[in-house]
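Protein sequence lines correspond, in order, to chains H and A. The C-terminal position of the first sequence is numbered 376 in the working numbering, with every residue numbered one higher than the one before it. The C-terminal position of the second sequence is numbered 376 in the working numbering, with every residue numbered one higher than the one before it.
Simulated from the structure, these hints should not be mistaken for lab results. Quantities reported herein were computed from a predicted structural model and do not represent experimental measurements. Just so you know, not all the hints are guaranteed correct.
No distinction is drawn between identical chains; accordingly, a pair holds when it is met within one copy or between any pair of copies.
Restricting the straight-line Cα-Cα distance to at most 25 Å, the calculated cross-link-like pairs of lysine-lysine (PhoX-like) are [to be verified]:
| # | residue 1 | residue 2 |
| --- | --- | --- |
| 1 | 372 | 20 |
| 2 | 266 | 108 |
| 3 | 372 | 129 |
| 4 | 291 | 259 |
| 5 | 176 | 372 |
| 6 | 130 | 259 |
Protein chains: 2
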Amino acid sequence: MKQNRLNRVLEYMAQEKLPQILVTSTEAVYYLTGLWITPGERMLVLKVSPEGCALYGNRLFALEGLTGDLPLIEYDDTDDPVALLADGLKDGPVGIDKNWHSHFAIRLMQKKRSLELRLGSGPVDTARMYKDEEEMNAMRASSRLNDRVVDWLPETLKTGDTELGVGRRYLERGAELGAQGGSFDPLVCFGANCAEPHHGTDNTELRPGSAVILDLGFTLNHAASDMTRTVYFGEPDDEFKRVYDIVKAANAAGRAAVRPGVPVADVDRAARKVIEDAGYGPNFLHRTGHGIGIEVHEPPDISRSSSAVCRPGMTFSVEPGVYLPGRFGVRVEDLVAVTEDGCETLNQLSRELKIIRP
Amino acid sequence: MKQNRLNRVLEYMAQEKLPQILVTSTEAVYYLTGLWITPGERMLVLKVSPEGCALYGNRLFALEGLTGDLPLIEYDDTDDPVALLADGLKDGPVGIDKNWHSHFAIRLMQKKRSLELRLGSGPVDTARMYKDEEEMNAMRASSRLNDRVVDWLPETLKTGDTELGVGRRYLERGAELGAQGGSFDPLVCFGANCAEPHHGTDNTELRPGSAVILDLGFTLNHAASDMTRTVYFGEPDDEFKRVYDIVKAANAAGRAAVRPGVPVADVDRAARKVIEDAGYGPNFLHRTGHGIGIEVHEPPDISRSSSAVCRPGMTFSVEPGVYLPGRFGVRVEDLVAVTEDGCETLNQLSRELKIIRP
Numbered sequence: 019m020k021q022n023r024l025n026r027v028l029e030y031m032a033q034e035k036l037p038q039i040l041v042t043s044t045e046a047v048y049y050l051t052g053l054w055i056t057p058g059e060r061m062l063v064l065k066v067s068p069e070g071c072a073l074y075g076n077r078l079f080a081l082e083g084l085t086g087d088l089p090l091i092e093y094d095d096t097d098d099p100v101a102l103l104a105d106g107l108k109d110g111p112v113g114i115d116k117n118w119h120s121h122f123a124i125r126l127m128q129k130k131r132s133l134e135l136r137l138g139s140g141p142v143d144t145a146r147m148y149k150d151e152e153e154m155n156a157m158r159a160s161s162r163l164n165d166r167v168v169d170w171l172p173e174t175l176k177t178g179d180t181e182l183g184v185g186r187r188y189l190e191r192g193a194e195l196g197a198q199g200g201s202f203d204p205l206v207c208f209g210a211n212c213a214e215p216h217h218g219t220d221n222t223e224l225r226p227g228s229a230v231i232l233d234l235g236f237t238l239n240h241a242a243s244d245m246t247r248t249v250y251f252g253e254p255d256d257e258f259k260r261v262y263d264i265v266k267a268a269n270a271a272g273r274a275a276v277r278p279g280v281p282v283a284d285v286d287r288a289a290r291k292v293i294e295d296a297g298y299g300p301n302f303l304h305r306t307g308h309g310i311g312i313e314v315h316e317p318p319d320i321s322r323s324s325s326a327v328c329r330p331g332m333t334f335s336v337e338p339g340v341y342l343p344g345r346f347g348v349r350v351e352d353l354v355a356v357t358e359d360g361c362e363t364l365n366q367l368s369r370e371l372k373i374i375r376p
Numbered sequence: 019m020k021q022n023r024l025n026r027v028l029e030y031m032a033q034e035k036l037p038q039i040l041v042t043s044t045e046a047v048y049y050l051t052g053l054w055i056t057p058g059e060r061m062l063v064l065k066v067s068p069e070g071c072a073l074y075g076n077r078l079f080a081l082e083g084l085t086g087d088l089p090l091i092e093y094d095d096t097d098d099p100v101a102l103l104a105d106g107l108k109d110g111p112v113g114i115d116k117n118w119h120s121h122f123a124i125r126l127m128q129k130k131r132s133l134e135l136r137l138g139s140g141p142v143d144t145a146r147m148y149k150d151e152e153e154m155n156a157m158r159a160s161s162r163l164n165d166r167v168v169d170w171l172p173e174t175l176k177t178g179d180t181e182l183g184v185g186r187r188y189l190e191r192g193a194e195l196g197a198q199g200g201s202f203d204p205l206v207c208f209g210a211n212c213a214e215p216h217h218g219t220d221n222t223e224l225r226p227g228s229a230v231i232l233d234l235g236f237t238l239n240h241a242a243s244d245m246t247r248t249v250y251f252g253e254p255d256d257e258f259k260r261v262y263d264i265v266k267a268a269n270a271a272g273r274a275a276v277r278p279g280v281p282v283a284d285v286d287r288a289a290r291k292v293i294e295d296a297g298y299g300p301n302f303l304h305r306t307g308h309g310i311g312i313e314v315h316e317p318p319d320i321s322r323s324s325s326a327v328c329r330p331g332m333t334f335s336v337e338p339g340v341y342l343p344g345r346f347g348v349r350v351e352d353l354v355a356v357t358e359d360g361c362e363t364l365n366q367l368s369r370e371l372k373i374i375r376p
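This is chain H alone, in the form it adopts within the complex (with noise of 0.2 Å):
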């Protein structure tokens, strides 16, 4: 167990008065035991309570040995492992990882009618939420890497390549680095895609004449890059130019409101006024941004409705964008790291727009 994060999760269960919390995704429980567990349909829960930890998983996860003092609760094929997790339980409150499939938590709860399920994902996710030495300087490395490819990326488009084909090569290069794989399936749009914030990369081919939306992130020791740029494809006309313009100073702006005590609805408003002062306010169409770490979307969310404040080791996306429909957008994300007296921001790649001649 990481004895420090797990003191950390312990103090929030008390302000939540949980005594007692099942943690079963495999980003949580690796934050909590450095193991990574991915057990597809079976089940894995680390029980955590401030009289002990306890983790349950299937043989096949060949997890014998690796656990050091945390205590193993094995279970085969032909085991209800529920049970066998209802009897490790005590009566009353129990806190249920967000995203633990229905099916284990509607039979714990008919198992045991002596538990009382309640949402218990905040102890960790709010833990999480403030990145440790170790996390940071893995961060800084997924970045690090992200920087690099998509650096290298937009050289080498030329007429004809498909969004798709440009988002295998943005992986390929980033496995030939050392990437874990894409934080994310990578976000690749031409021309008039660029338009739709949720456009599913697809195989539209590439002409002159196009901006191009290049969001993309790499897993590297299982810590999550996410980075935006958009490039020209071609000659760009003085509107785009200009919207281009508006994009990068509401990043720059949203980056520079980033500092402790600084709610990130301000982070969210700073970002936002740019782009409305310039008068295109709506067709700024999402959140400024998200947090991101292990996965590369996690609290808090970068809005004007969120309660979350800038603290030492958060670390989340700025990433104002201007969309205008059959024409084109642009977007241009970082991720910041709230310091002890501002913020760095983890991607350094330059935020100048990149024409590329075809």
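Use these hints to put chain A onto chain H, whose structure you have.
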């Protein structure tokens, strides 16, 4: 809505005494509506009841105009979709999709205490076991594509290839030919890695004198394929050739046992018997197969403990293997479809041992 599929689901609901179910997985919603919606963290629910169905989706899913007669209830990021859903449900039992995120189920329970949550995946899972003609055609096309690429792939093997690299080569070729992607992460094993059925494909390099397991599948038009061929890179010794023939015969025996009315446990037994009779029973470490369709793993298990019986329209894998720790492993896998009077093998690729000279 796909009316024939819905009618079958409603029948199975009546048998299970479920007056209403919440269908929430992307695949199950696709099965009933033809709409492929990936909700991410947001709520997606297709409510199914004899009184009528309704689809609950975030406005960002952009479903307006796509649902035809099916009532669409849209919500925004500022709404509480669980409260909306609670309003639309009758008191009493409600079936919950097995993999719905627990936080939705727990909040639904808390919002409406008059609901009684039960497992509710059975009706759709059962309907999906029996493919209609549209699905069967998609399954055939996906396996044909898989045949083509797995036929080509061994010819590309060369000394120094990595397992991960061969997997990527497979995916790239498939993408060029129109695959949506892999139906699972490519499983490529070299040499002694072949002896671990759960080996994680890694950067092991190919050396002459190695068995090579290629366990691969694509998704094409939302139908999964899945096939394994074991080839030899270099000159196989007599034991490898003997084990290969045994596994090939076990695969053939398993497929030959498939016809309507036969318990799937007997399919497992038929394949297993060939391996046991040859003295390698303890080296066949897993079930003989699994159902497949929109997803690569679907009910039923093809194992001794399964109570399922072959019926027309079922599609599943037959994949016996023999694993000799520290030395090599052999697995030969095909997909079959139960027909009115027997079995159709969806893979056409030869099962003769392919020997690649380095």
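Here is what the structure says about each hint:
1. 372 <-> 20: neither (43 Å within a copy, 48 Å between copies)
2. 266 <-> 108: The answer is neither: 54 Å in one copy and 51 Å across copies each exceed 25 Å.
3. 372 <-> 129: neither (60 Å within a copy, 51 Å between copies)
4. 291 <-> 259: Classified as within; 19 Å inside a copy, 71 Å across copies.
5. 176 <-> 372: within (14 Å within a copy, 39 Å between copies)
6. 130 <-> 259: neither (63 Å within a copy, 53 Å between copies)
Violated hints, in rising order: 1, 2, 3, 6; the structure is consistent with all others.
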